[in-house]
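Sequences listed follow chains A, B and C, in order.
One point on numbering: in the working numbering, the residue at position 81 of the first sequence is 81, and numbering is uninterrupted.
One point on numbering: in the working numbering, the residue at position 39 of the second sequence is 1039, and numbering is uninterrupted.
One point on numbering: in the working numbering, the residue at position 212 of the third sequence is 2212, and numbering is uninterrupted.
No lab work stands behind these hints, which were simulated from the structure alone.
Model, not experiment: these values are computed from the prediction.
Where a beta carbon is used, it is the ideal one built from N, C-alpha and C, also for glycine.
Where hints are given, some of them may not hold.
As the list claims (entries may be wrong) - Okay, the calculated beta carbon distance ranges per label pair:
| id | chain 1 | residue 1 | chain 2 | residue 2 | range |
| --- | --- | --- | --- | --- | --- |
| 1 | B | Arg-1192 | C | Ser-2199 | 31 to 41 Å |
| 2 | C | Ala-2137 | B | Thr-1087 | 47 to 57 Å |
| 3 | C | Val-2227 | B | Glu-1139 | 27 to 37 Å |
| 4 | B | Gly-1054 | C | Val-2227 | 51 to 61 Å |
| 5 | A | Thr-71 | C | Glu-2162 | 47 to 57 Å |
| 6 | A | Thr-71 | B | Gln-1181 | 51 to 61 Å |
| 7 | A | Ala-79 | B | His-1142 | 15 to 25 Å |
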Amino acid sequence: MVTHVDGNALAGPLSEIFRADMTLATGECRHCHDTTVLARALVEMDEAGFAVHCCECSHVLFTVIRTPERTWVDLQGIAGLEFPA
Amino acid sequence: MAVISRGFTGRRRDSSPDLPPGQFLTEDFPVLSAGPTPDIDTADWEFSIRTESGQTHTWTWDQLMALPIEDIGTDIHCVTRWSKLGTSWRGVSLDTLFADVDTTDAYVMAHSYGGYTTNLPLEDLLDGKAWIAFEFDGEPLHPEHGGPARLLVPHLYFWKSAKWIHGLVMHSDDDPGFWEQNGYHLYGDPWREQRYW
Amino acid sequence: MTSGWKVGTVVSTRTETPTGRSITIDVPGWPGNIAGQHVDVRLSAPDGYQAVRSYSIASAGDGEWVQLAVDKLPDGEVSPYLVDEVQKGDQLELRGPLGGWFVWRPEIDGVPQAGDVQLIGGGSGIVPLIAMIRSHAASESTAKFRLLYSVRTPEDAFFADELARLEGDGLEITWVYTRQAPEGWPTPAGRVTLDALRSATFPSSGTPAVFVCGPTGFVESVATWLVELGHEPAAVKTERFGGA
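Just chain A, same shape as in the assembly:
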């Protein structure tokens, strides 16, 4: 069952992969070039992972897929990520 939440909800799951609070990172959407904090992105989430969509154009920014063997992170839809110091 998929739930629709915002990027805030990623703070926990992404802390397993990245050290910084990713929800405060700003990213540029490769499709529409909108740049905003990931906390504002639209997230489709279920037990196996999530797809993060640009809040302006809905294109996929990145996905995380988790299986018992491995975790895949695909950052294809983000042109750049900037973290506050």
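Based on the hints, put chains B and C in the right spot on chain A.
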């Protein structure tokens, strides 16, 4: 070590038998693009197949439309996890296009308008497994979805169904295309979760 | 290597609504949290099956006690366990505090915050908002707070007594009852509308901080209307709970 939660058993959900592992259903058509949407007029459009001998077979839009056209109903599975079941398309089978093509090479590099490439084994394009598709859900294929025509190879992850298809070039080796050079799997079988290297 | 999960012990539970409960957990090593942050709660079954869900924290500040408030979802997997099963003495695994976006601080770099704050909550969406209200009440901040709280009936309000107690100069509350209003209530029951937001919330011209929390559908409608009322989209911070 995790702490057992007294009295918690959880609810097991049966995964849908129609979905490959790690996929979830969507009603929308989210689009993952490597670059801007090319703008191609069907008056200028052409599709070609080039073999190792240098021989090139080319079709204009009108020539493509004169070939036998099939209705295709299929599920599509995107590497970004969404699957769309029961999609409907119209297109020309690659079997029709390869009928007079003489090649001993086993691999194909698909080239798109805009420069995108993806590689596939020839046998994954034949025997009713692939089409040049130009209609989706009863409407001409929208440029954002790869129109005027895209390659449609639904048994593999959808990045193999090259949008804005321009031509196929025969290769003797399974050389990686654009996404495959960027970490995506050379083959891409959703049922074996072949997403990345 | 630490997993980031801490084990806490439930010290008390309190029924808040017919389907909701607040739970106070003692978490040794808890670093304290800013109002608005959340935790991930992990439940483990004896056979190894695990379920993880995010819950906003109702408490804020220092100390090792964390208060959550959970509404039971009809087809939920974790919420029925937290509302019906969990008792004092049980252990829960928590990860957090998490989130730096949907937060309100009473002071930044030693300077008390005075800007207006508009809070809009639906159902259990009040949880991170009450953390902000509590944080505000315990601080030197002179910020003016307004809360619009939408619930089905009066019985479905979380922390109703506490909200009534904290209402005053620094906190104005507008209640919206969507299914059944209290006896003698001047407005008939009905959902939040654009007009209700226009009359009850800080005008966009004052650029208030805005926080909206609740079920996804509620948050999306309210956020759209707030932008129509002139608020900058990025100034309307949202926390969607999922669900309808």
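Quick rundown of the hints versus the structure:
no., hint, result
1, B:Arg-1192 - C:Ser-2199: 31 to 41 Å, "58 Å, violated"
2, C:Ala-2137 - B:Thr-1087: 47 to 57 Å, "55 Å, holds"
3, C:Val-2227 - B:Glu-1139: 27 to 37 Å, "31 Å, holds"
4, B:Gly-1054 - C:Val-2227: 51 to 61 Å, "59 Å, holds"
5, A:Thr-71 - C:Glu-2162: 47 to 57 Å, "41 Å, violated"
6, A:Thr-71 - B:Gln-1181: 51 to 61 Å, "22 Å, violated"
7, A:Ala-79 - B:His-1142: 15 to 25 Å, "24 Å, holds"
In this structure, the earlier hints numbered 1, 5, 6 are contradicted, and the remaining ones agree with it.
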